[in-house]
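Dock chains B, C and D against chain A, hints included.
Chains as they are written, first to last, in our numbering: chain A, 149 to 294; chain B, 149 to 294; chain C, 149 to 294; chain D, 149 to 294.
Using 27 angstroms as the maximum straight-line C-alpha spacing, the simulated BS3-like pairs for lysine-lysine come out as follows:
1) D:201 / C:201
2) D:244 / D:175
3) B:276 / D:267
4) A:244 / B:198
5) D:201 / D:179
FYI, nobody ran anything at the bench for these hints, they're computed from the structure.
There are 4 protein chains.
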Amino acid sequence: MELVSVIGGSDVHRSSKEYRFAYELGKVLAKNGYGVVCGGRTGIMEAVCKGAKEEGGLTVGIMPTITGEEANPYVDIRVNTGLGHMRNPIVVATGKIVVAVAGNYGTLSEISYALIYGKTVLGYRTHKIDSVIEINRPEDVLEYLK
Amino acid sequence: MELVSVIGGSDVHRSSKEYRFAYELGKVLAKNGYGVVCGGRTGIMEAVCKGAKEEGGLTVGIMPTITGEEANPYVDIRVNTGLGHMRNPIVVATGKIVVAVAGNYGTLSEISYALIYGKTVLGYRTHKIDSVIEINRPEDVLEYLK
Amino acid sequence: MELVSVIGGSDVHRSSKEYRFAYELGKVLAKNGYGVVCGGRTGIMEAVCKGAKEEGGLTVGIMPTITGEEANPYVDIRVNTGLGHMRNPIVVATGKIVVAVAGNYGTLSEISYALIYGKTVLGYRTHKIDSVIEINRPEDVLEYLK
Amino acid sequence: MELVSVIGGSDVHRSSKEYRFAYELGKVLAKNGYGVVCGGRTGIMEAVCKGAKEEGGLTVGIMPTITGEEANPYVDIRVNTGLGHMRNPIVVATGKIVVAVAGNYGTLSEISYALIYGKTVLGYRTHKIDSVIEINRPEDVLEYLK
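If we strip away everything but chain A, and leave its shape as in the complex, we get (with noise of 0.2 angstroms):
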């Protein structure tokens, strides 16, 4: 199964534009038949996921200890790494495409590593980084996807 990464800050309001995008953002992965993956955790992780699922989606959370108890409710497959923030690389390396929402400096590694591996980026009101591509929709990630 083909999957996209989503990485975005962690303490993002539900109420936000942001949390409403990654929401969307869920949604339409699932109906388009991709999986999810990403931190695993709150904020933009836990919007996705929770998206993802209400469509009938698969998610999985790269989890930063090893028993992954810190799993948002929207987790399907919680993979335990034990590795803290140095699980980002893990995150990006197992999308087919990366899209980051918002963010603070944990995503500005993830992104980091995603140019480094060679992969898309999209971006949604996140970090300015040359090689970003910035998208307005949800629906804006399935053009990269083909």
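For chains B, C and D alone, coordinates are given in the frame of chain A:
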């Protein structure tokens, strides 16, 4: 979804008892609603994924490279780590219990980490380690999953 | 012993301003009793190790492979990780502060992790990131080590 | 500088034969110009670092956290990994040879990785593994360093 970690040698012959055991184990796990997580490559890893897929199960491979192209054809979800041998602890942390079949030093490292992490470890024709519980039939695993 | 993390591009020319800066930085650090920790390879990493050794300093290379044979000739202590690009967070976690010189996405990932870990990050002709403090001369680093 | 990896239990008593062995081993290594690399913590790790420092040797600790504040007082160079137990393979990859003293599953994981990586592994009162060469006196290690 609950996963079971299956670990073991990558160079086991397809006609061996150990390959057969892992293949049947994959079937047993899938029939009983468990997914499989393994190192995603050849030998025991291939056998258990093949068995699981023939019964409609889900298979997760924790891959050594950042592309995952070395996955055996029965891996559904490729988690691309770029960690090489250092991915071994992730394989065992991700399963509810761990089953070791045959294997060499890589398998010994996985048994060690499983025991560090407090997992139940079952073994078939593998290293003799005090805390590893020997089993003789694939179905025996079910008793430890209750 | 206190170490300073020096990060930057591996493909910087030996005649460039950036190579020169890193080389002089190595000298400054060694003269002031600080060791150097870096990724152990070419370009900026070679330059800073060379400078440090010429002043009798100590150099630590966090190496990508498990043999460390790719180390530049000025690395005293090879820490062989087998982690490839995933060693980057270790480089920045090991230094008291971090100095970035030039660099591409690998350096960006290191800057990101340094900021995740709450380190002071100084930069010379590197990525423009809000929290990175620009410096112009190698000696400027001493002010941040007090 | 060439390093020797010393691995073993973190909960070994200071009055035990094993602690004494590791302490004397640190002295022997330092007197013969070898540095020590270990996991940087208590028990065997502390003992070997203490011995090495008393003879003016160099000690490298591969630390579990990103701050390294858990280092024993005899560690010169703290390599802060943030990897927890997953740092074990780095400890053994970094030494020319590996010496195991006592120890539990963590030590078993390190012996496993040392053998995966093709290292010579010497052991004193540790796990019985076929490829591990038993030694009885700290000086015996010198024969394997020639």
